[in-house]
Amino acid sequence: MAIEAQFGWSGTIGEVTLGATRTDGGTRRISYRIGGGTTLPFLEKNTTSSSPLIAFEVCDYPQFWSPIVRNYCGDLVNNLAEWTKTADTAYKADLIRLHLNSTRQRNFTEIPAVGKTVETVLAASSLPLIIEGSNEPKIDSEVFRQCGESGQGERLLLGTAEASHYRSIAAAALAYNHSLIAQSPIDVNLAKQLNILLKEIGVQRDHIVIDPYTGALGYGFEYSYSAIERIRFAALKGDTDLAMPIICSAPDTLSIKEVREADPAVQDAIAVSWEFYTGIAAAAAGAEIICVRHPATIGMLRQAFASMQARAGPEGVQ
Amino acid sequence: MMRGMIRMTDVELAKKRGEEHLKETIPAIKKTFAYEDTAYHLPISFALTGTAVHDLNTARDVFTKTGNNPIVASECLLAEKTATSGKENAPFTGFIGDTVIRKLGYSLVDGSILGLALVIGTPDSPGTAAAICRELQEKYMLTFLAGPVISSLSDNGVKLGLEYRLIPLGSTPAYGIHFVDIIARVAMMFGGVTPGDAGRLLAYAAERAKAIVIVFPGLSDDEIALVDGMRVLGFPILSLGDYSGGAWIPSGADEVVRKGMEEKGIRVNITAIPIPMGCSPAFEGKSIRKEEMYVEFGGGRSTAFELLRMRSPDEIKDGQVTVIGPEIGSMKEGSANPLGIIIEVAGKMMKKDYEPVLERRIHNFVNYGEGSWHVAQRDLIWVRLSKEAVAKGVKIEHLGKLLAGKFRMDFPQLLDAVAVTLITDPVKVAEARKDAERIYEERDARIKGMRDNEVNTYYSCTLCQTFAPNHVCVITPERPALCGAISWLDGKIAYEISPSGANQPVEKGAVLNAQNGEFEGVNRFVRKASHGEIDRCSLYSVMEYPMTCCGCFEAIALMLPEVNGIMVVNREFKGITPSGMSFSTLAGTIGGGAQTPGFAGISKNYILSDRFLQGEGGIERLVWIPSQLKDELKNRLVQKLADKGLVDFFDKIADETKATTIEELMVCLEKAGHPALAMKPLV
Amino acid sequence: MALKALDIYKLLPKKNCKECGDPTCLTFAMKLAGGKADVDLCPYLDEQAKSVLGATTRPPIRLVKVGVGERFFKVGEETVLYRHEKTFYHPPGIVFQVSDTQSADEIAAITRRVRDETFTRVGTDLRFSGIAIRNTSGSAETFAGAVATVEHQQAHLPPVLIASDPAALSAALVHCGSYRPLLHAADRKNYKEMSALSRKHGCPLVIRAPTIDDLVQLVKDCTAEGAQDIVLDPAPENLSAFITRSTQIRQLAITRSVPELGYPVWLDASSTGYQDAALVLGIVKYASVIVTSPLAPGPAKACLTLRQNIYTDPQKPIQMNPGLYHVGNPGRDAPVLMTVNFSLTYFTLEGYLESSRVPCFMLIVDTEGLSVLTAVAAGKLNETLVKDSLKKFGVENEVAHRKLIIPGYASPLSGRIEEATGWKVLVGPRDAAEIGDFLHEEWKKQE
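Chains as they are written, first to last, in the numbering used here: chain C, 1 to 318; chain B, 1 to 683; chain R, 1 to 447.
Calculated from the structure, these hints are not laboratory results.
By construction, the Cβ of each residue, glycine as well, lies at the ideal position given by its N, Cα and C atoms.
Just to be clear, a hint being listed does not mean it is correct.
Said to hold, decoys possible - Result set (SDA-like, lysine to any residue): computed pairs, CA atoms no more than 25 Å apart in a straight line: (1) R:K10 <-> B:P675; (2) R:K316 <-> B:R571; (3) B:K652 <-> R:N16.
Stated by the list, open to error - With beta-carbon atoms standing in for the labels, derived distance ranges: (4) B:I439 <-> R:K392: 46 to 52 Å; (5) R:T255 <-> B:N269: 50 to 56 Å; (6) B:L512 <-> C:S10: 21 to 27 Å; (7) C:K199 <-> R:E368: 36 to 42 Å; (8) B:E632 <-> C:K199: 41 to 47 Å; (9) R:G331 <-> B:K332: 45 to 51 Å; (10) R:E368 <-> B:E207: 47 to 53 Å; (11) B:D10 <-> C:K199: 41 to 47 Å; (12) C:T89 <-> B:N269: 45 to 51 Å; (13) C:S10 <-> B:D643: 47 to 53 Å; (14) B:G299 <-> C:E110: 52 to 58 Å.
Looking at chain C on its own, in the form it has when it is part of the complex (with noise of 0.2 Å):
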């Protein structure tokens, strides 16, 4: 008579697709399907469930970028194609977030330059990718396009739709089969909402992955915690609107005080423990993608959920 607690779940997590290999119409050399939970965050049975994946970040224009990842990877984020290279086979992250950036410049118009970027990363690696796009509703329609054309078949993860600009990325997404990012300001019911609304321009559920948004370590981050923890527990209490696997991605880590701030002796590492104990606190909370960019912090990741996990590593179909 083994002693066990209960939860009384009564729902899953819905699963998404990120990347498509060749059987599947892509050029990834591996694809994942993320979410399916049943229960709380590593205490599935079931074996062939798989650990978090780790995304990391690059970006277009390194300009506005964290000086720490500028002086860790040095002249690597100005070849962008090298960069990308060395995240995959040297980082050896899962996936790769492409940051378009340079589309934040004011009276940004060169897309079709968009279009490049995009070819350029996916040929420079063969994982599955991650766009984050503009957030200019001038150029957003334009720029969403591009990435949805130039990324037609490869199943990419476009970024990011809010209540209230959410048309072009959905657009993209439809046109070109894509899956697509959705988040909303640490409100489960505003997140709620916005998967209804996409719904209703006819995104599918197994398409959209929530971005609950989360605030740094000590900036915030105890309400993403929170907002990561209710969205799961609707979802296993059968709420279908909420049933999606969640990102978690905090942008704002390498740039508070206390990093910013360090003796530059020991900045990376604070840098690291900053992102590292985020994306941990996160994942135990049901964040199905941790997002990083110092490239230090995601072996440690991946060893830790080797642990948490105490099965094999991410899920992939090859």
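Given chain C, work out where chains B and R should sit, using these hints.
Same frame as chain C, now just chains B and R:
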């Protein structure tokens, strides 16, 4: 009449002839045919039946399967003709490949294109077509052209092509079939329509594809059959003269675009308001002092009122602003003038109930103006225009334009048309105000009288779930939300305006316990909304299964078993109550989504409701309430009690001036002969 | 299942005698319902009522104190599985470990580190909680010597003694027995002696077993031997086992399904092989006493920050101290931006201001931690508060101009603030992300 009789085409007759002719022509198909750059074969047939049509057999097959559908026939015939005679030369596009269609579909979904139009036939005067196409372009429609209209346009110097959103499909109206195969492909690419699922295709075409057809004269019978066949897809067919009968909508050239878009519910969103003053929420708090004002209206110095009314669409013209009476130019600086603000709105989803909710926005919108200021509501308003604004050229009519624009911008789904009338003529203002007052009274009567048994649907509210994850308020006409801010009507309107928002309908269901207000549907809803934490909820009871609380309740009703009564304490009262606890102690324990029998968070106004304490036998249970709250409610409460025949009861209710401990309260209640002491035991 | 206040009230004597310290039985009933009172306080309850009430009103997880004096910490008395359901009440004690095979100097240095090191965040001093001494040598004498070295530093830190040999513990307790040390651990083999030691010195005892079932049985056996203040060590072989078992223990305890599991949980992060990950998991997954090797500055700060974050009451927002804050080096013509003292608002705005690279002042007013929207709606953010704050923090001495930028959502107050203060009000964006553009465009226009 004479002219028309010679040239009019009877649509019904022509259609029948055309359908017959198409049926006869199908068997004449000889060649095989296939379009390039498409994964969807003949897209319409493919979408409807799942069959890939490329020759006579398959054509006959789908034609029969779809009940001899003229659109299917037209598609097959044109495909064969293209294979036989080859593609037409530029500028005609003929069949457009999937790659381009994908791009077009993208623009439809992301909203850069509002809808699709097919313009087909032979215009009798050259300028007409050009004007119509220009209007379509301005309204973000993607227009497809088929027939002599194309040469008419290019002869007129109109540029055609994808980048101009004017796409010339082919030299005869028969090429209009490509309009339909494009929509069929968009449905399959974006709308999740599986080939063969005819029902879904028709639903997608009718609901999602915002498509209209504008028909010029000169269509053959076959072509009329083709166009008429598009009605089943939900496309309104607008005809410019020449056609009679059928379900085609006759229209003049200068209104055909507007009519078509209205018919299909395609709305252009307004983004800017063309007035010489800024308009933004940033100006909301700016008041206009006496020294700064040019003129004022109302505020006790003159008559002024505002009113919003619903009208039917043909009664008003969208964007129309009328000033009845003197304009700003005739008003002396520093003067007070009469003003009537009348907003008339129309919309398919608009309801009379929404009038007061929308009317309240007049206040915000006028304050958004940089140089305009507004307080109060109804016939108590006070409005000012600043000297600075008037110097910049702002007139009364601009205030109207601001209101018309803001109402359309803020309620794009709800309102199709907004017209504003501003009356400044003193006699007319007085007259109109009388009508307005009548309407205000009607509205008040309607809400006051609303009873819980009159409605089957209550409304939930989850606005404060951030702090109490399992809490849900159930709002009824006689029981407002416990924060005091939301009434049943507010919840209903909020739901209708944003169906996926924080207010959802709760079907009452069967009555399980009338006195306690327990309903089957409410229980079911609460169970789901609290993720299984709460099983039952009695709307009118404090003792048994009371509603959960978040933390923003205005007051708490709780049991005092020693005196067999219920006491109420509100947030503002800082002292210890006879229960032994203060408001904040109580709030800390019963909040957070808990259901605590014996304790309920309520709004202050609920105390005046007939349902208050109904579960416990009625208001006679009320034993203690802070004096400040008692004063606040006094007039209304005394009235209510008198209505119930409880004339002396008000004074029997104790407050902190009479008792602060339970012992003192007991003595006090006994002395007063409080009815609760003799009622059924609470515990 | 927990009883509700009304049901508890029905079982009370209803005399309002006030001998329990509360003015009415109703008050006492509510406290019992919330696990915030001891049923023994009522002198008029019969034994049966007491046991029924006791079982259902006693806090589901026992409160355990470790250490004495200023640095003691208490853990337990938790009631929820998710912090968002209510809150986590008692942050875990995170202790640095030393081994009795280390030199006296090393042991002393680590002890002093825990004594002195403070990391201040949001007005709170964050520190590590105690010292664990491990009997690596196996010798009772060496162990006792190491404990003595620790105590010699006069740090008065809560001690945690890790030894499997009761004799070693006994020797060590000579040096710290009256300081309420936590003893690790009683297992199937030594539980009788361990329980005796814990009883003798009145100190809490860790009970260790490899499965939940074994743990339950061992708790029963130890309590039979008189152990009361217990901490559970589920002996996880990897992080996965820790997450699973700790979650199970928490859920079974708060639902009162298995009273034997109603105790705080122990995690030795240092022996998992993944110390940092274990620290995170310990903090978020219910560990109340966590042992770690001394941490480098990065992990140390991250660890303390995570503990602070997770153990913040979700219903009580953290507040900044009101005042005039500098971003960069603002001069006399630098913009002054007013906003509320909700910490999240402050940090969000500060972050964007930093990236805008425009030196400026942040005037933080006291809205008791409410956000802008809420404070405006509740009337807490009003012209009087702004006027008083401008005066209190001497803003007029810092800048030559009299222009105040207010948050977009506070626009309804703009006119009234101008009237009350005499300053010109500029209404900023609603979204803090746009403040950079606002400063570069709108503010520049002012100059």
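Evaluated hints:
1. Straight-line distance between C-alpha atoms of R:K10 and B:P675 comes to about 23 Å, which keeps the hinted pair within the 25 Å bound.
2. With a CA separation close to 17 Å, the supplied pair R:K316 and B:R571 stays within the 25 Å bound.
3. Taking the CA atoms of B:K652 and R:N16, the gap is near 24 Å; set against the 25 Å cutoff, the hint holds.
4. As the Cβ distance of B:I439 to R:K392 is approximately 50 Å, the hint placing it in 46 to 52 Å holds.
5. For the hinted restraint 50 to 56 Å between R:T255 and B:N269, the CB-CB distance of approximately 53 Å keeps it satisfied.
6. Between B:L512 and C:S10 the Cβ separation comes to about 24 Å, which falls inside the hinted range of 21 to 27 Å.
7. One distance hint, 36 to 42 Å for the beta-carbon pair C:K199 and R:E368, holds here, with the actual separation near 39 Å.
8. Range check, B:E632 to C:K199: about 46 Å between beta-carbon atoms, so the 41 to 47 Å window is met.
9. The beta-carbon spacing between R:G331 and B:K332, approximately 48 Å, falls within the hinted interval of 45 to 51 Å.
10. In this structure the hint that R:E368 and B:E207 lie 47 to 53 Å apart at CB holds, the actual value being about 49 Å.
11. Between B:D10 and C:K199 the C-beta distance comes to about 45 Å, which sits within the given range of 41 to 47 Å.
12. At about 48 Å, the beta-carbon gap between C:T89 and B:N269 stays in the expected band of 45 to 51 Å.
13. Restraint check, C:S10 to B:D643: a C-beta distance of roughly 49 Å satisfies the suggested window 47 to 53 Å.
14. For the hinted restraint 52 to 58 Å between B:G299 and C:E110, the CB-CB distance of approximately 56 Å keeps it satisfied.
The earlier numbered hints are all upheld by this structure, with none contradicted.
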